Amino acid sequence: MIPELGHFALVLALALALVQSIVPLYGARRRDAVLMGVADTTALAQFALVAVSFAALVSCYVMSDFSVATVFENSHSQMPLIYKFTSVWGNHEGSMLLWVLILSVFGGLVAAFGRNIPATLKATVLSVQAWVAAAFFIFILATSNPFLRLPNAPFEGRDLNPILQDFGLAVHPPMLYLGYVGFSITFSFAVAALIEGRIDAAWARWVRPWTLIAWICLTLGIAMGSFWAYYTLGWGGWWYWDPVENASFMPWLAGTALLHSALVMEKRDALKVWTILLAILTFSLSLIGTFLVRSGVLTSVHAFATDPMRGIFILAILVLFIGGSLSLFAWRAPLLKQGGLFAPISREGALVLNNLFLTVACATVFVGTLYPLALEALTGAKISVGAPYFDWTFGPLFCLLLLAVPFGPLLAWKRGDLKGVTQRLAAAMVIALIGITVVCVVEGKPVLAAFGVGVAAFVIVGALTDIVERTGLWRAPFPIAVRRAAGLPRSAWGAAFAHIGLGVTLLGVVGETQWGSEQIVSLRQGDKVSLRHYDFTFDGTSMRNGPNYKELAVKFTVRRNGEPIGVMEPSKRSFPARESGTTEAALMTRGFSQIYVSLGDTTADGAVAVRIYHKPLVLLIWLGAVVMAIGGALSLSDRRLRVGAPKPARARAALQPAE
Amino acid sequence: MTRKQRRLALISAGVAVLGLAAGLVLSALKDSIVFFNSPTDLTEKHVAPGTRVRLGGLVVPGSIVKGKDLNVRFEVTDGNKAVAVSYQGILPDLFREGQGVVSEGVVDPSGAFKADTVLAKHDERYMPKEVADALKKQGHWVDEYSAKTGSATGNKP
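Going down the list, the sequences are from chains R and U.
For the first sequence, the positions run 143 to 801 when my numbering is used.
For the second sequence, the positions run 9 to 165 when my numbering is used.
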């Protein structure tokens, strides 16, 4: 009964989405308030229906109802409750349902909180949003219905893929989807603006909060995915330039560019056409990401199933939306009036440079990700484009961008003073140079490592310089500086945090890649091995039983300079339901660095293959992403940008009668 | 600066960055592309020693020999030809006899394949796509495999 209820709710949601895609749009053209008002009701009702549908699926999983095909395929009665819950989106059908759930959440949020958006724009936005929703409802109902029943209910499920039985997977997909799908709102706003043929600075202000929310979630989602890969896959890598990673990274790059160009549009009424194009491109890349991951053209942990129908269906959605929106853009964009002028050396100019580098870097990732697919389709040759390609294309471009980052916030709008800004950045440059010298001379590391540290220091200190300058920290007395700091717009703090986060991540990347060391050895009980300053002793093995697995754990005592500092217990788990296993690495955190031990196979004579890594500063990689997200959140809390923020209080105060 | 000059500055900056990117992309694509080969391709095409290639196929049952210092040798087949692969390191969790595997490395002058990376699947139910295609080409795509992938898609009659 429950699965049928969920299925039925989904069909109703489709019907509502179809109404919502036509009626409010027609109402907006006719300026009919009643017809436009339909959008709010349908968006909220749609959200409620999808929520019911999702809840129905969750309850099927939690109650282990194996008569439902997807539950049978991906769950097991002995699995811990948390994983029964997360296996809802640990498969194709469920994750698509999560996709539309988030889509309808965003639609509902616009309907509920977009009170200050002009009625016609809001109605059009919700209509466009409903087109996307309708397309995906049809996709789910036609090709990936999560509620399909099996004729004979099996007694036990097939279990979730063991490497997905992890807490990281409880967080990573919803976060990533919030990011991907969040950009649908920006897309809807862009398409609505094109339909209306009118766009101004206020548009940028309405769009910015949605873009920020999506960007924050995407940042955290990508970081979470990278962290998950790092500790689960057992080889200690945190980024592999795998197509599925790129699929999430490309929207992030385009979305970051969008955040910056929307800023120019909001403040200076310039770059309008470009911002619209970026909004369309960002969501298009999210759709391409969904296509790459879900269609099965790539082999990876994300390609749950390879049903060609689904791939073709998503491809059709892709062509329809990307092609349609770009055609609309080509047709309507010339109608949009161009705005403010600016000199090349100015805040606007710096943001244009930022956009240029971000989009071009995104394009190189795009080429590297899709070239193998295109080549195979055209010539049949199978190739793989690996990490070296991305290191040599994305790397240099991003380095140039990072060098420019500290200049941006210090330049004035309209016309900036490059010489003055360079002088103000002197401290940052000196610190960067000291960093380079220390790394090169004292540590004797290659130029690349030194350069990386220098750039990271420049970005971090440069971002701090902006705050110091604005508060007059060294010039004014301390209490005044503190008061000024409190009075700074939150968005200024947001920018500083986001840029600092970037530097912190870079520092982590450089530390891990340039200072890291690893050792792969075969060990027996009592054997000792050392790596950097650490000595590891193989104490012994033990067998343990988990709820739905058995594990072989190896105990190591770790010593530094002869002093024991802890015990590490990596293990190998085997899951009988799927006759497969996972490697559980043991991690020991020392400051921002980690020691990483994972197990390989066991040989007949009792020796165990062991991988030991020392990963200096590795935690900074993800910490930086968290700092970036905090920056985004600070910017989001800026009064000026708050969703549905009332008009400034000053205006109202002026109207109050004198007492 | 006039409006024209400003536009010119903007466009030339754009062209410069795009040119840089295009140069980087082309040079990187030339150097870092790795071609995929089936064991048949590898034996028939005479890949020059030292070229990086990917080799995909099924691990021949009984061919895995584990030596000292984590050295391991195994054979990979597409049903037609088999190629010996040597590798030093830890094999992935899902590396088994009779299962699909993709390894990356170079052919040494003796004709043996020296792998530095061995990739198995993330999930025991799916075959790497390249391997499946190579098997189909040789006509060794047994129904058993498609039955496995069939059940994985969740398509019930």
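Hints were generated in silico from the structure; no laboratory data involved.
Be careful, since some hints might not be right.
Below, simulated DMTMM-like cross-link-like pairs (lysine to aspartate or glutamate); rule was C-alpha separation at most 25 angstroms, straight line [as the list claims (entries may be wrong)]:
#1 Lys74(U) / Asp533(R)
#2 Lys76(U) / Asp681(R)
#3 Lys524(R) / Glu52(U)
#4 Lys524(R) / Asp77(U)
#5 Lys670(R) / Asp747(R)
#6 Lys74(U) / Asp743(R)
#7 Lys38(U) / Asp681(R)
#8 Lys12(U) / Asp559(R)
Which bits of chain U does chain R cover? Going by a derived footprint, with three or more residues having C-beta under 8 angstroms, they are [what the hints assert, rightly or not]:
#9 11–22
#10 37–43
#11 81–90
#12 98–112
Chain R side only, calculated, beta carbon under 8 angstroms to chain U, not exhaustive [stated by the list, open to error]:
#13 Pro486
#14 Leu495
#15 Thr535
#16 Cys541
#17 Leu544
#18 Ala546
#19 Gln661
#20 Leu665
#21 Arg666
Remember, it's a predicted structure, so these values are computed and weren't measured experimentally.
Heads up, the beta-carbon is just placed ideally off N, CA and C, and yes, glycines get one too.
* Asked: Any hints this thing doesn't respect? Which numbers, in order?
  -> 1, 4, 7, 11, 16, 17, 18, 19, 20 and 21
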